[in-house]
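Number of protein chains: 4
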Amino acid sequence: MSENLNQVYSTSTPAPKTHIGVRVGAELVGTYFVCVILFIVGTLGQVLYGANTLLIAVATAAAYGIVSAILGKLSGAHYNPAVTVAALFTAKITWLDALLYVIAQLIGAIAAAATVVGILPSSTSIPDKTWLTYVVNGFDKGSASNSILAQTEISFNITMAIVVELIASIVVIAAAIRTLRVDGEPKPNHSLVMGIAYGIGAAVTFPITGAGMNPARSTGIALIAQNKGLTQYPLQQLWIFWVCPLLAAAIVSLVVILLNMLKIAQTSKAI
Amino acid sequence: MSENLNQVYSTSTPAPKTHIGVRVGAELVGTYFVCVILFIVGTLGQVLYGANTLLIAVATAAAYGIVSAILGKLSGAHYNPAVTVAALFTAKITWLDALLYVIAQLIGAIAAAATVVGILPSSTSIPDKTWLTYVVNGFDKGSASNSILAQTEISFNITMAIVVELIASIVVIAAAIRTLRVDGEPKPNHSLVMGIAYGIGAAVTFPITGAGMNPARSTGIALIAQNKGLTQYPLQQLWIFWVCPLLAAAIVSLVVILLNMLKIAQTSKAI
Amino acid sequence: MSENLNQVYSTSTPAPKTHIGVRVGAELVGTYFVCVILFIVGTLGQVLYGANTLLIAVATAAAYGIVSAILGKLSGAHYNPAVTVAALFTAKITWLDALLYVIAQLIGAIAAAATVVGILPSSTSIPDKTWLTYVVNGFDKGSASNSILAQTEISFNITMAIVVELIASIVVIAAAIRTLRVDGEPKPNHSLVMGIAYGIGAAVTFPITGAGMNPARSTGIALIAQNKGLTQYPLQQLWIFWVCPLLAAAIVSLVVILLNMLKIAQTSKAI
Amino acid sequence: MSENLNQVYSTSTPAPKTHIGVRVGAELVGTYFVCVILFIVGTLGQVLYGANTLLIAVATAAAYGIVSAILGKLSGAHYNPAVTVAALFTAKITWLDALLYVIAQLIGAIAAAATVVGILPSSTSIPDKTWLTYVVNGFDKGSASNSILAQTEISFNITMAIVVELIASIVVIAAAIRTLRVDGEPKPNHSLVMGIAYGIGAAVTFPITGAGMNPARSTGIALIAQNKGLTQYPLQQLWIFWVCPLLAAAIVSLVVILLNMLKIAQTSKAI
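Residue numbers (numbering that gives the first Met the number 0), protein chains in the order written: chain A, 0 to 270; chain G, 0 to 270; chain F, 0 to 270; chain R, 0 to 270.
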């Protein structure tokens, strides 16, 4: 049995073909590009031509998909601390590499937010606050739909935010675990499946939270938007956008480990 | 000839590689995730930002596609009683498994409806009825377009509902039979083809019926929305959304069996 | 040289694996489903929720793509007389089969138009004419944008119609020839490429002509809509929607034959 | 070391299987079709039915993707001087061929612009200027959003234009280098990846610059639209749309060469 338990994890031994410096660099650059695309479309694209869930969903799908397709072979295309944690739990990456990946992802996302907020023009009629409404992750007064809901008596509360972020994150993490090989390399269908997972996740979460599903993305924009006069300080609600994706990573990893144990148990019986 | 007839069904012998408990569990979880996505996008996504056929079509495609891509290998990715019945008719699944699958699908869909209706905020200005307009399947006063049509003298009657649901269901069932192997396992193109089949089916049916094509989906939301003050009790019209998909399953299965018989007849002649 | 010329056509010898009755039946059923989807989305989808080029483009892509994916192996997935003519010119199908294909396509398209027009509800406020505005192919007073343009001093004339229909048809026919094998069977990428070709063609042509690119589709709806009170009799402008796709078939076939001749000439020289 | 440096470039030796005349012709025809589609959708599609970032993004993706899928094997599917320059820097094409490719691309793009502007109807209510607003590449008064921004106190300045064009072009060029083989032939995933790269690039750049990313496309329409009464002469701002894509080509090529050197260094050490 203890041997069987070992086997559950023996799917490990990640083969670090690429130099760790290149891999961490690829995570930083990849996360930067994913986030810079999401932040530009979520500000310029949404404010001028009207909020559009479908545009956000399609752009989110394309952003993660194309960057994974281009850089994926270098680092395994995580670009998301929750994906890295799930890869760690399922033994596709080592502790040290995971730590470096997450740091690189955060730097990439913060740099992306700084780039976009840095070039946004602001004036009295369109202040920073307006541009940032749909791109910051939040709920209640921080919800992407807050201005629309202001005319009603309802708001999108923390429970709704947790439910949709958890559902969307489970889909994203499950898609990642399903399309990364045992050694952490992406399978051929990786970028397409990841793109669609993030896209449908964005369609589900956008009206409520502005579409998080990625703690690096949420942290990057929250830090840079903190003092831009938003109705709700984004850093105050940021913890939700770490807890839900990480919880999703834990749930998915547990299911995967249990399924692997079951498979081994069945095989042993067969022998 | 009797041997030939046998051969028509000899495409059977499904190889139940995965434990039946895992398979039924995968159907339950898969149907839950498909439906929870459809119900969130069909309520929050439609009401706040305006009814949008394209959003529903793309989200429906992505929902079925991504869940099939993630969980498909475990159960064959049915998530729809009509698909299970067609798989039964074409001998890709046994009677007992089919029964368990359908029960799992219904539980998954009802749980999804309960989740979404449970978190929807309601008030005097946006009552439950408003949120549920586009997500409940129906016709006439239960049609997704009923509020728009109220200003005209027309309505979308039962004939229209039957025609569009039958057409869309035939496409979905045919896509499923075409992309499931003889042993019930999905082919590599399964999730992409199924996604597109459901997506175009949603574009065709949404303005009239709110896009059914799946008795589990229709039943789940109808049960939970029954006492939410809708103009039309959804359970009263639910039978349509069982009859059309099941009729489609019968038609497609019949065509497949006839084509197989013809192929065998030709082969015999050749010999 | 005469032998070389022969070789240009020696890419012929189509292998009619499937019974001609099945193939012609598949063309009829396939064209019916493609057209019934296009006609429903082009009437119900467009009129109630506002004309939407993107919806038409995506639905056109999905309609041709999914039917090709499901039925393609049976008949080669033409569903379009211009594709059949191009297949004839490039020797992928025989004269007799081509004739039967075109007849089957026309019957399928007319049946589809009859189905959709048959179920459309009409009233004083939404007469048949309103439903049919965006789905009939035409130009000038028959243009899909005619009602919008009525408030300006311009119209979309026959030259514009010819240019866009020719461009879109060349893309569609070239995609078909490129993804059908020498024996007329579809290559693995056939349905995806065809879907995208028809989709972008619809985006290009819809605002002007209502997106033709397929004489069977144009004829089916023109016949059924002829006496429905449209500002412009559709049958009067129908010839354009035969000439452009057939001209495109001739142009593409000529280029393919010339490229094949050049390849053979090069190979001969090499020897 | 000098040998290693050689190896960096030894990925060269492009195998010119297809006759240079055919290849250059394919670039001309391919660029013509890509641009004619972009220009029609960017004028007729945008003006009549409202500016729509998603339509532009999807149409851009489909235009590049479908033409690459149809003609790609003939020339490597560049259709963009910046892609050709990057292919030159990474030794996938020779100097002479690159020069001929760029000339062919420019001729194709200019012909496409002439075709579309030639058929556009103009009147007092919809002058040429209106049709061309969203299709010409520019910034400040030449920005696609200029008319919307006129009611605010802000404008989209040259810095914003450079940032978004550079980001989008890097994605496009990296996608091209990643999906073209050492000998310049497209890999099987080429057209899909290129389509998505251009699509997301269009979503990012459209509201600011009208979506350039391709000097041939920008030059073609700028030349033909120069004297059409636009608020901003397009040729005055054209240099940006050459500098950014070419800079992107240089950056991506440098990274690729450095990564190749690193790989060789690692391999040498291993031996």
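There's no promise every hint is true.
Just so you know, same-sequence chains aren't split out, so a pair can sit in one copy or run between any two.
Derived BS3-like pairs: lysine-lysine, alpha-carbon spacing no greater than 25 Å straight-line [claimed, not checked]:
| # | residue 1 | residue 2 |
| --- | --- | --- |
| 1 | K268 | K72 |
| 2 | K72 | K262 |
| 3 | K72 | K186 |
| 4 | K140 | K262 |
| 5 | K186 | K262 |
| 6 | K140 | K227 |
| 7 | K186 | K227 |
| 8 | K128 | K72 |
| 9 | K268 | K128 |
| 10 | K227 | K268 |
| 11 | K140 | K268 |
| 12 | K186 | K140 |
| 13 | K227 | K128 |
| 14 | K72 | K140 |
| 15 | K128 | K186 |
| 16 | K262 | K128 |
Hints listed in this document are in silico derivations from the structure and should not be mistaken for laboratory results.
*What label fits K186 with K262 when the C-alpha limit is 25 Å: within, between, both, or neither?*
Cα proximity of K186 and K262: in one copy and across copies (21 Å, 22 Å).
*Between the shortest in-copy and the shortest cross-copy C-alpha distance, which are at most 25 Å for K227 and K268: within, between, both, or neither?*
The answer is neither: 62 Å in one copy and 51 Å across copies each exceed 25 Å.
*Homo-oligomer pair classification [K72, K128; C-alpha up to 25 Å]*: For K128 and K72, neither the intra-copy (38 Å) nor the inter-copy (46 Å) Cα distance is at most 25 Å.
_My question is about K227 and K128: at a cut-off of 25 Å on alpha-carbon distance, are they close within one copy, between copies, both, or neither?_
within (6 Å within a copy, 37 Å between copies)
*asked:* Within, between, both or neither: how does the pair K262, K128 come out at a Cα-Cα threshold of 25 Å?
replied: neither (52 Å within a copy, 46 Å between copies)
_Copy assignment of K186 with K140, given that the CA separation must stay at most 25 Å_ = neither (41 Å within a copy, 46 Å between copies)
*When no copy is specified for K268 and K72, does a C-alpha distance of 25 Å or less occur within a copy, between copies, both, or neither?*
For K268 and K72, the Cα distance is within 25 Å only across copies (22 Å; inside one copy 38 Å).
*Up to 25 Å between alpha-carbons, please classify K140 paired with K227: within, between, both or neither.*
within (15 Å within a copy, 27 Å between copies)
*Which holds for K72 with K262 at a C-alpha limit of 25 Å: within a copy, between copies, both or neither?*
between (29 Å within a copy, 14 Å between copies)
*Given identical chains, is K140 near K268, meaning Cα to Cα at most 25 Å, within a copy, between copies, both, or neither?*
neither (56 Å within a copy, 57 Å between copies)
*With identical chains treated as interchangeable, where does the CA-CA distance between K186 and K227 reach 25 Å or less: within a copy, between copies, both, or neither?*
neither (41 Å within a copy, 46 Å between copies)
*Under a CA distance limit of 25 Å, which applies to K72 and K186: within one copy, between copies, both, or neither?*
For K72 and K186, both the intra-copy (9 Å) and inter-copy (15 Å) Cα distances are at most 25 Å.
When the structure is compared with the earlier hints, violations turn up for hints 4, 7, 8, 9, 10, 11, 12, 14, 15 and 16 and for no others.
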